[in-house]
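Protein chains in written order, with our numbering: chain A, 406 to 753; chain B, 406 to 753.
Since the hints were derived computationally from the structure, they do not count as laboratory data. Hints may contain errors.
Which copy is meant is left open, because identical chains are indistinguishable; a pair holds if it fits in one copy or across any two.
[Stated by the list, open to error] Quick list of in silico lysine to any residue cross-link-like pairs, SDA-like style, CA-CA up to 20 angstroms:
hint, residue 1, residue 2
1, K602, R680
2, K637, E734
3, K682, G652
4, K409, Y535
5, K602, D676
6, K682, L740
7, K409, A620
8, K410, F596
9, K561, R592
10, K634, R418
11, K710, S444
12, K410, G566
13, K494, K710
14, K634, F414
15, K561, I617
16, K409, G566
17, K602, L693
18, K710, I608
19, K703, I600
20, K742, R728
21, K602, Y706
22, K703, D607
23, K602, R728
24, K682, D712
There are 2 protein chains.
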Amino acid sequence: MFTKKCHSFFESRFGFRKAFLTTSCTDALEMAALLINISPGDEVIMPSFTFVSTANPFVLRGATIRFIDSRSDHPGMDESLIEEVITPKTRAIVAMHYGGVACDMEKIMQIATKYGLFVIEDAAQAIDSYYTYSDGSKKALGSIGHLAAFSFHETKNIISGEGGMLVVNDPSMISRAEIIREKGTNRSSFFRGEIDKYGWVDIGSSFLPSEIIAAFLWAQLENLDDIQKKRKQIWNSYWLRLKDHEGKFSLPFIPSYASNNAHVFYLVYPDIEERTKAIEDCRTNGILTIFHYLSLHKSAYYSGKHDGRELPNSDRYTDCLLRLPLYFELTEEQLDKVVNVLLNESRE
Amino acid sequence: MFTKKCHSFFESRFGFRKAFLTTSCTDALEMAALLINISPGDEVIMPSFTFVSTANPFVLRGATIRFIDSRSDHPGMDESLIEEVITPKTRAIVAMHYGGVACDMEKIMQIATKYGLFVIEDAAQAIDSYYTYSDGSKKALGSIGHLAAFSFHETKNIISGEGGMLVVNDPSMISRAEIIREKGTNRSSFFRGEIDKYGWVDIGSSFLPSEIIAAFLWAQLENLDDIQKKRKQIWNSYWLRLKDHEGKFSLPFIPSYASNNAHVFYLVYPDIEERTKAIEDCRTNGILTIFHYLSLHKSAYYSGKHDGRELPNSDRYTDCLLRLPLYFELTEEQLDKVVNVLLNESRE
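My request is simple: use the sequences and hints to build the entire structure.
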């Protein structure tokens, strides 16, 4: 059974306590919100510069979101700003590892312990990426928080079309995770022969993907090392070709405690006009470049609910960050063309 | 794009106003609960004799469920009992078409209109099944309520592994359904070129299945008529072979306004002992027979929340209903063997 093979792979390779494939990363985060019993009035801390699916699962359970600004040197959440928004209603911190680059997990786990909060890693982009502790020890992203969510959406390093995974590292949550994933029934216990019929014992939903999806994912996992090697080559090529042009734009920064899983290569332009010009130059040359995200605290849905704090770095990445093409099949020639266009060296 | 091909097929063949493939029928019902804005304290009416996924999506939004008994002649909900549980808090009726056999939709829609309620068809089992109105006109199940949910789980007539579909018949809900399905963003409008970037505008989740799933489903839809023909042959064979043995068990009843889509062939035994004996006889002969469901109003999760009404027919089907093997590949010989075992004619 491919689902089980995938679970075993993830658990043994990355030290995840318990893996559960889901239909999407969004669904994995919905399971997380159910598992920690998020209820109306609870507060959850997360970056504003992230995808809507980081926030929606908690909003659906009635939580208020306290959005945190990004770091000045990286689009990830500024860990030094977390403590000031903690209140007695705070229940969880969602650590979104932007571009697969680790948040400072040692700091975040310390804060969580101090205030009794849950930590959920939004590891949508963070497969095969690591965090190095101050004592030199190293752990895979997704193995550190109480819970973690991964994406295998077609835009990710490892894909299954649509698909995701919940990792449960807190052993006390494992049996309830099984139930919530099986539509609130104790069907898993039934199949293990622990009970003689299964019934409705809790809230839940249908979070299981099809075996077809798991089989697709398994084929990707069998090639994980090749995929990662190729992506890192591409990432390094961009880096080498663009590093002498800082000033025109800035290049990705990777903190010393983080690894690079080559999920994304992005540039940060000085302003939105420069970025828009770069996108246009690329488009003219048949190259699709993408920007993301739009600060969630300024979204049509949440701006009226936000507490009013300014989050200038989040807004800057919203306006100035540009993702370059990065996929397994990208050739050296294609990469050359992208670089030439970005450096305005393509116009004959 | 297979998803779009599937949508067009369903809309043109069955008269569905708008079809949206989802990752499961459960997820389709979750979309329905979001679309009609179910909130804490709202009441939703549905049968007790159904799968947990009929109830969970509404419970997740905070609704109280008013469970209705089954009909004495059929496991479907007894429509005559609906009005007595309607209160000012009632928001919706979930009409679950048991075994693909229509609820009395004319009656249910009249009640809904009288009290201003939404009707959601739980058409998980009801693909290619129909309701005939008292004036002789006919409509496909799933095209009648404001919303309807279908399942393509591997146990259904038409499958995609895990998969489902929301049908939106109320045109005022279509654009919001697009947004909720796209994680609360207006991404669909963006792809149609109606807006120049997409953002967070509403609550939502990731309800889209992978294209792989849609491709699998499409191959099934191309063979819908063959699949249905074969299933009806099997169903009719069971009927012909077993109809002279009523008394030992009762056979499926199909009201005159309903069609038979051959989703399930079931027997209802006089008591649980007889059913248990039949299951054991089958098991001894290498035949897997399944019973379902367990009355939800008596479940571990809901019994303490139920209003105390007795639902004797639901309990009777819980104890006495048995499903016989019914799948496309079932041969005449296999069917003979099942029948012989059930009639105790197999023992040489």
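Comparing the hints with the structure gives:
{"no.": "1", "hint": "K602 - R680", "verdict": "between (59 angstroms within a copy, 15 angstroms between copies)"}
{"no.": "2", "hint": "K637 - E734", "verdict": "within (13 angstroms within a copy, 48 angstroms between copies)"}
{"no.": "3", "hint": "K682 - G652", "verdict": "within (16 angstroms within a copy, 81 angstroms between copies)"}
{"no.": "4", "hint": "K409 - Y535", "verdict": "neither (24 angstroms within a copy, 39 angstroms between copies)"}
{"no.": "5", "hint": "K602 - D676", "verdict": "between (62 angstroms within a copy, 18 angstroms between copies)"}
{"no.": "6", "hint": "K682 - L740", "verdict": "within (19 angstroms within a copy, 69 angstroms between copies)"}
{"no.": "7", "hint": "K409 - A620", "verdict": "within (10 angstroms within a copy, 24 angstroms between copies)"}
{"no.": "8", "hint": "K410 - F596", "verdict": "within (17 angstroms within a copy, 37 angstroms between copies)"}
{"no.": "9", "hint": "K561 - R592", "verdict": "between (31 angstroms within a copy, 19 angstroms between copies)"}
{"no.": "10", "hint": "K634 - R418", "verdict": "within (17 angstroms within a copy, 48 angstroms between copies)"}
{"no.": "11", "hint": "K710 - S444", "verdict": "both (17 angstroms within a copy, 19 angstroms between copies)"}
{"no.": "12", "hint": "K410 - G566", "verdict": "both (18 angstroms within a copy, 18 angstroms between copies)"}
{"no.": "13", "hint": "K494 - K710", "verdict": "within (16 angstroms within a copy, 27 angstroms between copies)"}
{"no.": "14", "hint": "K634 - F414", "verdict": "within (19 angstroms within a copy, 43 angstroms between copies)"}
{"no.": "15", "hint": "K561 - I617", "verdict": "both (18 angstroms within a copy, 17 angstroms between copies)"}
{"no.": "16", "hint": "K409 - G566", "verdict": "both (19 angstroms within a copy, 16 angstroms between copies)"}
{"no.": "17", "hint": "K602 - L693", "verdict": "between (54 angstroms within a copy, 15 angstroms between copies)"}
{"no.": "18", "hint": "K710 - I608", "verdict": "between (28 angstroms within a copy, 13 angstroms between copies)"}
{"no.": "19", "hint": "K703 - I600", "verdict": "between (50 angstroms within a copy, 17 angstroms between copies)"}
{"no.": "20", "hint": "K742 - R728", "verdict": "within (15 angstroms within a copy, 63 angstroms between copies)"}
{"no.": "21", "hint": "K602 - Y706", "verdict": "between (44 angstroms within a copy, 15 angstroms between copies)"}
{"no.": "22", "hint": "K703 - D607", "verdict": "between (36 angstroms within a copy, 13 angstroms between copies)"}
{"no.": "23", "hint": "K602 - R728", "verdict": "between (51 angstroms within a copy, 16 angstroms between copies)"}
{"no.": "24", "hint": "K682 - D712", "verdict": "neither (34 angstroms within a copy, 64 angstroms between copies)"}
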